[in-house]
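Asks: Chain by chain, the residues run as shown.
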Amino acid sequence: MSIAEPTITAQACFHCGEDCDDNPVVFEEKAFCCSGCMTVFQLLDDHNLCTYYDLEANPGISFKSAKRRERFEYLEDPQLLDKITDFKNDHQISLSLYIPNIHCASCVWLLENLYKLDEGIQKSTVNFLNREISLLINTEKTTLRTIVELLTTIGYEPEIRLEKLYSKEEKKPHNRSLWLKLGVAGFAFGNIMLFSFPDYLNTTETSLGIEFRVIFGVLNILLALPVLVYSSSDYLKSAFAALSQRGINLDVPISIGIVALFSRSVYEIVSGTGTGYMDSFTGLIFFLLIGKLVQKKTFDRLSFDRDYKSYLPIAVNVIREFGEEISVSLDKLKAGDKIRLRNQELVPADAILLSDEAFIDYSFITGESEPQVVQQGNLAYAGGRVKGISAQFRIQEEVENSYLTSLWNNEAFQNPAKELTLTSFADRISPYFTSAVLGISCIAGLYWLSAYGIEQALSVFTAVLIIACPCALALSTPFTLGSVLNVFSLNGFFVKNSLLLENFAKSEAVVFDKTGTLTQAEEAHIEYKGYELTARQQSLITSVCRQSIHPMSQKIASYIPAVNILEPDHMDEELGKGICGHMGSDQVCVGSRDFILQHTGLKEAEVPEFTYSGSLSHVTINKEYIGFFGVQAVLRKGLPPLLKTLKKRVATFLISGDNNTEEENLTPYFGDRNSMLFNQSPEDKLAFIKKLQQSGKKVSMIGDGLNDAGALKQSDFGIALSDDTSSFSPACDAIIEGNSLQKLNRFISFSKAGMNIILASFGLSLLYNITGLAFAITGQLSPLVAAILMPLSSVSVMIFTFFATRFKAQKMELRIWK
Amino acid sequence: MEVIFLLIGFSLFVALLFLGLFFWAVKSGQYDDSYTPSMRMLFDEKKTSNKNHQETKNRDV
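Those sequence lines, one after another, are chains A and B. Per our numbering, residue 650 is the first one in the first sequence, and the count goes up by one each step. Per our numbering, residue 90 is the first one in the second sequence, and the count goes up by one each step.
Please note: incorrect hints may appear among the correct ones.
In silico PhoX-like links for lysine-lysine, alpha-carbon gap of 25 Å or less [said to hold, decoys possible]: (1) A:K1293 <-> A:K1347; (2) A:K737 <-> A:K1145; (3) A:K1036 <-> A:K772; (4) B:K116 <-> A:K772; (5) A:K941 <-> A:K1339; (6) A:K737 <-> B:K116; (7) A:K1272 <-> A:K1155; (8) A:K1297 <-> A:K1339; (9) A:K941 <-> B:K116; (10) A:K1178 <-> A:K1155; (11) B:K116 <-> A:K945; (12) B:K116 <-> A:K886; (13) A:K1296 <-> A:K1252; (14) A:K1178 <-> A:K1272; (15) A:K1252 <-> A:K1178.
Listing some non-contacts, in silico: residues in chain A with all C-beta distances to chain B over 10 Å [as the list claims (entries may be wrong)]: (16) T700; (17) W758; (18) N779; (19) G896; (20) E1046; (21) M1232; (22) T1301; (23) N1328.
If you're looking for bench data, these hints aren't it; they were derived computationally from the structure. Since the model is a prediction, treat every value here as computed from it, not as a measurement. Beta carbons: idealized from backbone N, C-alpha and C, even for Gly.
Build out the structure end to end from the sequences listed, making use of the hints.
Replies: The structure is reproduced here in structure tokens:
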């Protein structure tokens, strides 16, 4: 979806901003590119909703490239309604719909004013980042189907996917409990600081001082208790879980610190020997939780764990006995059902073609770039996309048993261990850290025991535990990675789990998929080589090519700017091979070499034989060889320089499910032929990644289709490429936008820099720990020192990581602002 | 000086009130979507009829 610059030229469509070409539809002195756009304007105008056009210039969604309006009968099925609604009673339903087209403030405004278009809508709320609309609908006045049809009419077609039928997933509580814990900790922190203030003044002499001490002590304990029980529960639980499995993670020393802080403070307050460290305690938890909140930063609108169910639509059009079409949800689709699929629609289950022939694009499933021709009676596999004319199919298998599903459920493609074994650097060093801290505290305690007795010894022992609590250490990883992730997302690279970034930084081999990743099928480059074409010849060729639905012919037809189109008298087409047309006395043939030889009677020597990287169509007019059209897939913008620089630091590989016609083209970028593999099945791809890993390399894989899904899962860091982050991508660890792929090299450098920043901030926080230890061992750790040192270390680590990552990002010319 | 105990009680009460409000805000979902409201505040509530909409447009041009 491209929104043109907001210009007020006569040629830009008032609704969607696209060029109106030569003949705009004019309504109320406004130009529209098509009647679809005008209809929306009229509808909004009638309902006083024209503010839509004031908020942003040309906010509408273009109807030119829009798919045929889908049919929504299936939304009237009560069983289905139960599955997709959040709440339902006799006269109300509420549900949320995913609308990929939401893109600007105008969209939010219009969708939240939907009630003006349909009075049955009681409330509509948009979540912009998730591209979701929550609806409360009065079912006595309207139906869900009417609303979805209305949304589709104005260009906001909701996307209802098959997965909704199977998993009624609970809505995530969105970190709500984390916010609450943070609130409690912050509340206690602030109040305890206030109540601790008199302690720092010397009021012990007066009688009021003692009263103060008692009342503030009690209040501090009361305030700190919920922090210990509620706010810090995650750390305590995690430490307990780790210990009960005889492991040590970073939460163990933190929990030791927490418990030591709290119990020592309670002891001091109750016994009246001191004022305790409750301010440090609550402050520590507060900062730790802020770190956790930063780490929890997720990209809700992107989903990284998808399966085939989110690829398939929720319903297809089934043809009933008397030829009428009804949309039926996929879970009710049975073998033997007759369905009709139109241009760009997906084959939902393995099915036999009933129409004469059809073009099916399997690029997403297999990686082949050319659409395949399926003849009547042959099987079309689920997941293929119908190109060109519509076709009828008979379902052979139910959705769950189709090839696509079995491919997906293949056990080899599951790699559940990948994230379970994730540990941050901090977790890895924590056993050493913990034993060092315990060692130091015991030695210091023993020293003081021999010299000054048990009370002083215990005091030093707990002081060491308190001050060595690795809170700054625990903050450095989430803050650095959070910052890195933020920079990445500003640059079109979305990482699912920040801990995986380490794998990415260390990758020694990068494997690329070809179709859809390195190349873009839609952007194919077409060229003509041969004798110069006269205007007459041009119109002859175009007129013939227009008659075929083969993508190659379509490309040729749109490539030649023909003036007058002729109607061929007689056509001869061999699907996927070539086409011959007769117009008056002229005969034009376009097709493969064999086809041309067969149909024109030319001798072999007269039609040249080429090795061309890409697909090729020869042209003859009146049995005379004219030249050929070549179609080459072009690399994405900025990729040649990327591949060259990338090759210098890591091994690069190409692995493709497509044939090797473009091998020649790609060799310069990948060095030698051994690093390029063609005709690879999904299983081959996975095996190749495994082989690389067995040779001791960390492998990053970049792919876009289902055929890469296994390889993406197996690789140490799987990146799915998606031109539109709202569209489907296979399960992966990160999603990269198509035009950001050229920055990949810098992304690797930046994640490496991020790892170094973590190390540096570790150093920084250790410095604080050592300073604190000096106080603790010498028995001088007063609550004041602890209260200063702890927040200081946390805050300085936060500031350091924030600025260090931004500085690095700027140096690498990555975007750091919106 | 004893009035300070009263004041402490009062300040704690106010602070608890705010904590309660924060809980209410989180539970009612105000922290679930922190982006869309920033767009929503730009919308005018005034009803622009078609005519004055055109007038404003003309003035802009």
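Asks: Going through the earlier hints one by one, which of them does the structure break, listed in rising order?
Replies: 2, 3, 5, 7, 10, 13, 16, 17, 18
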